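Asker: Okay, here's what each chain looks like letter by letter:
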Amino acid sequence: MLLNQFLLLSAVLFAIGVYGVLARRNGVLVLMSIELILNAVNLNLVAFGAFRETVGGEVFALFVIAVAAAEVGVGLAMVLLLYRNRRSIDLTQIDQLRG
Amino acid sequence: MTELFTIAASTDGGGLALGITEGGNWFLRNVWLIPLLPALSFVGILFFGKRMPRGGSELGVASLGIAFLLAVVTGAAWVDHRDDYHGEEVYRAVVVHDAHADAHADDHGGGHGHPSLAVHRTATWFQTNGVEFTVGTLVDGPAVMMLLVVTLVSLLVHVYSTDYVHGDRRYTHFFAFLSLFSASMLLLVVSENTLQLLCAWELVGVCSFVLIGHWWEEKPNSDAALKAFLTNRVGDMGLLVGVTVLFFAVGSALPDRFGSFSIAETNALASSGALSHTTLLIASCCLMAAVMSKSGQFFLHTWLPDAMAGPTPVSALIHAATMVVAGVFMIARMYGVFFEGFQIDGSSINLMAFIGGLTTIVGACLAFVQRDIKKVLAYSTISQLGYMVMALGVGAWTAAMFHLFTHAFFKACLFLGSGSVSHAVHSFDMKSDMGGLRKHMPHTYRTFMIGTVALAGLPPLAGFWSKDEILVGTGGWGLLGGTGGNGAYTLMLGMGMLTAALTAAYMTRCVYLTFFGEFRGHGQPHESGPRITVPLWILAGLAVVAGFMNLPKGFQMAPGSFQERFGHFVEPVAGYFPAISHGTPSWSLAVVSTLVVVGGIAAAGWYYFVKVEAASKTAGTSLTELPDGPTTKYPLARMGHTLLANKYYLDHLYNGVVVDGTKGPVARFAYRINQQVIDRTVDLVGETAVKAGVTVYEKVDQLVVDGAVNASGSASSATGEELRKINSGKVQSYAAILFAAATVLAGVLIVIV
Amino acid sequence: MENLLDGWGITLATFSPLVGAAVMMLIPREREDRHKMVALVTSLWVAFVGVLLLLWFDLDHTDHLQFAVDRVWIDVISSHYSVGIDGMSLPLILMTMLVVPACIVYSWNHFPEPANPKAFLILILILETGMIGTFVAQDLVLFFVFFEVVLLPMFFMIAVWGGEDRRYASLKFFLFTLFGSALMLVSFLALFFLTGADTFTFTGLADAVAHGGVSRTAQLWIFGGMFLGFGIKVPMFPFHTWLPDAHTQAPTVGSVILAAVLLKLGTYGFIRIAIPILPEAAVAWAPWIGLLAVVGIIYGALGCLAQTDMKRLIAFSSVAHMGFVMLGIATLTDFGINAAIMGMVAHGLITGMLFFLAGSVKERYHTLEISRLGGLLVQAPRMGWIFGLCAMASLGLPGLAGFWGEFPAILSAYNPANGVPVETFRTYMVVAALGTVLAAGYLLWLLQRAAFGAPTSEFADDPHITDTTKHEWISWTPLLALIVAIGIYPNLVFRVTDGAVDASLAPCLTVETGEEAEALGCGEAYGFDDHGSEIDDEHATGN
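Residue numbers (the numbering used here), protein chains in the order written: chain D, 39 to 137; chain H, 78 to 830; chain X, 263 to 805.
Here chain D stands alone, though its shape is the one from the complex:
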């Protein structure tokens, strides 16, 4: 069974996603990196589902895809608004919630 390869791919994708989230300053890129992380998870779920021969993995993956779509919708709307207000989508400049 080719589980290890899928998990390895998934780990690489996850790591790339984490790097994107932490390192990129562009809001859109951060959202895209989040998508990468989620898809790494999806890959995991589907791989484990196939490995265990249940459909649970696919079902969860479908849920995650739906949620991710919604998330990206909201996230993009926020970035759009951010850009309208501040003419920038640089995340390092946005720290109004600082305590």
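Worth flagging that the hints you see were computed from the coordinates, not collected in a lab.
Among the hints, a few may not be true.
[What the hints assert, rightly or not] Quick list of in silico lysine to any residue cross-link-like pairs, SDA-like style, CA-CA up to 25 Å:
| # | chain 1 | residue 1 | chain 2 | residue 2 |
| --- | --- | --- | --- | --- |
| 1 | H | 807 | D | 108 |
| 2 | H | 710 | H | 723 |
| 3 | H | 807 | D | 81 |
| 4 | X | 732 | H | 723 |
| 5 | H | 768 | X | 433 |
| 6 | H | 296 | X | 720 |
Keep in mind the model is a prediction, meaning the values are calculated, not measured.
Could you slot chains H and X onto chain D? The hints should help.
Answerer: Showing chains H and X alone in chain D's frame:
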């Protein structure tokens, strides 16, 4: 101790014979009406007196008039009742010592023929402890005699007062309290028990207080009133204790009884020997203290002369004829107790006789140095009261009562006479404002002379007979009779003789200073009106004839049926009265005592009527003493005079030491303790509590408890300050933390699982 | 006539004043007349209920609790709402009901500063509830609650309407009493837990103690706690020092209520709770109570002699008079306790009157300094005579009420209950008799200095000094009439109290013969040995 045994209770002869009956004549059973009348008059005058045309005095006079009539009828009924013995006597179940009971069983009657039964009537007053306390009347010889004396003198004083205090600022008030006094005194004499007696005793005292202080605007008057009341209170302390002791003593002797105030029972038990001698002695001594204050016996007599600050009718009624004899009457009433307590029988001296004897001399001596005519009479009253107490002390009961009877008349006559004099000269000072009044006031002069001769004790006036009986009663004479009393009280005989001489002498001085010589006052004195002179003549008349009521037994000039009438009707022959012996009269004693009196009159008469009169002529003015009299010549006489003038320094002792001491240092000390010690302690406790509170607040509360609270607060704020740095607001740093934490958690998970 | 009040009459009488007070709270403060009317009508209504209670009171069975109610009140601590009236409480309840309307009438036109009739009258009505409640309570918890209810209104009355030094006096009064109450409460609780009685009612506890279960030592301690609690209220020497200050500073009406009723709560506690429940301890404590009582008599009298202020003098006289009451109680005899109740009633009426008079004098002369007074009889003759009458009554003149509190107390001290040392009490008797002399001294000196003589030049022409006013007459007449009536016919009180007092005392205290004592099992505590013969021979013969 003899063995105790019980005689069964029965009404047909067993038990202790009390000598009282529940039956009797209507007037004897309803004697309570007599005190009630003046009591009603008091209430009437108090509430309506001011609106009456004569200011309420008519009510007082009317009530006393009716009371006097009732007393006369009661007296007649008693004369009827006295010898009317049908054996319906009251008995009480009682525990007695057999030896004494046997000894006294035969004495019943005391050699006076068959017994006289006192009429006894009670009603429930109150009850406590299941014991019923009664109020009631005990009517017998002495009670009836006192009823007559009190109502008569009171009536005369009322009539006299309508003139004497006419136009006074508190005329109505004066009569109200005169009525209340009469009511209280009448209640006292008919009292059935000692508690009732005690109440009446205090009530007459308070009337005396109010009437002495009648003109209370002047401080000396209210001082005198206070002194009278307080001195009497000292004695009343004895009365309270004595009555209490007797109450329980009787209770312990009577089975099924908690205690008893009944005079008849107390006396009967005391006479029967059922009460221990010690108890009776203690009770007698306590009661004696009350007598000493009320009846002005040495050394509690000092209030009586001061009491002359009151209006003269008050002095006559209260401080001569009636209230001050309450003590004497109380001894007579409780004679069973005193007789046993002081062991009067078969002795030659006892406390009562000695105090009485001493008082007669002490009082008589003081009468010599007074300028104030009323004070002369006051000291004379003290002296005569001492005579009565002495008589009771030696066992001459009848003689004492007889002297009380005659003394009431002649002393009231003298006092009212002095009032009449002062009415004319507006003063009581014999030396500066009187003299030669016989020419101006013939009625007053004559009645005063009659009173003086009666007081001095010259035959055939009243004082002679009663004084002679007392001297006989001492049983100390022994020359051709004069023996056979209750003991050989020779010392008392001597004291009585000496006082007879002194009395005659000081009254001679008083009469000389008032009525002889030349008038030394101002203005023109004139005789008083009929409302003053008529009572004077009535009393003077009685002072002449009262003595014939008790001619001695064996007095050959009168038929036998006239002898000892007073004694027969007044002296109880009953279970509640001790079996006393009577002395045999003696011609020789009568002659000698008369000679003594004449001697006293002669000595004083020689000094005043001869020497002073002669010196006055030489000097050209009316003198009162010789300029070179004995007091200026002899140091011893001067010292004696100084001692007397200062009243033996008793007032200095009482006022200066006892009263001022109590009011001053002692009270201040007690109050100081209160403020400085007890109250200080309380304050100190309070202050300490406050201080402790402050300490606890500052040290514990603020520092420890509150400190902990504050510390925790600042600690959390500091932590927050640190933590807020993490909260950078940058999404990516949050994410970094999130991932770091997730990594750590994942690591932990791996390590644990 | 049928007893219509049975079962609820007491509750009605106790809580009617509270209803009145509640009504007054709804009326605005400015409507003074309406406040006065409500207060007066309420107090008169209570007095009327009191008269009805008296009418339906069965005088032949004064020892029975009448109009009794017994309901569970607080279940968890087994406390009952248990009330009832017997011969011991009836006179005191009626006196309370009489004094309160008298006070309201008296203060009608001259409320003390700062005048606030609404608050003042509400306080009086609350006080009335507390006082009546204390006298009717038959349950320790209930008693304690009422006992404390009284405290606060009096505190405010002194603290707000008092004289110059009112803060000190009111606080002293409050703390002193509270201190006693605390000890008392401890005693009550100890009694409850040690007996395991499962009830707080007086009779229940008395039975429980009588059947054993509480050690003698514990009884002595418990009695000691009650002694302090009640003794402070009486007040007994040496716990009396709050009294002169409180009286001197309190407004007239406050002084009257304090003297007439509040002091009696203490003595009432003794005869209702301490002695019936703990007779053996009472016997042991009796000589000490008696000692403090006679010390109080002499000491109070001496304190009076040292006073320069009329009101303070009267306050000190309370210490002396309550000494007589306590002496009667300390004898533990029917006789003595009857005398004590009579003494309480008499003292309430007489000293209440004296405080009224002091208030009226103060109103006219604006001072109570005795040396500045004088000639009251000249300027206000009727008031002077009333003053004289009350002074006479206070010094124990027969024919007036005071005598019947004083003399029977002295009488009873001659023969105290079984187990109480006879010689000691006879000594006390003589000392107490000396107290009557001192009483005459300070009262007559006061009378002489205040009433006799000519008015001092300071006040000689003062137009404010008038004779007794209408309100004073209305308020005083009932008190004066009772002083005279009880004085002439003391059975008015004795008849009511006698049966109840007799029933309240343990039989061993009064038993007369040795056989009866043996039958009852009276032990050493009552002066009997195991065979019922008396250890103290002196006692039997009464010599």
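Asker: Hints broken by the structure, by number, lowest first?
Answerer: 3, 4
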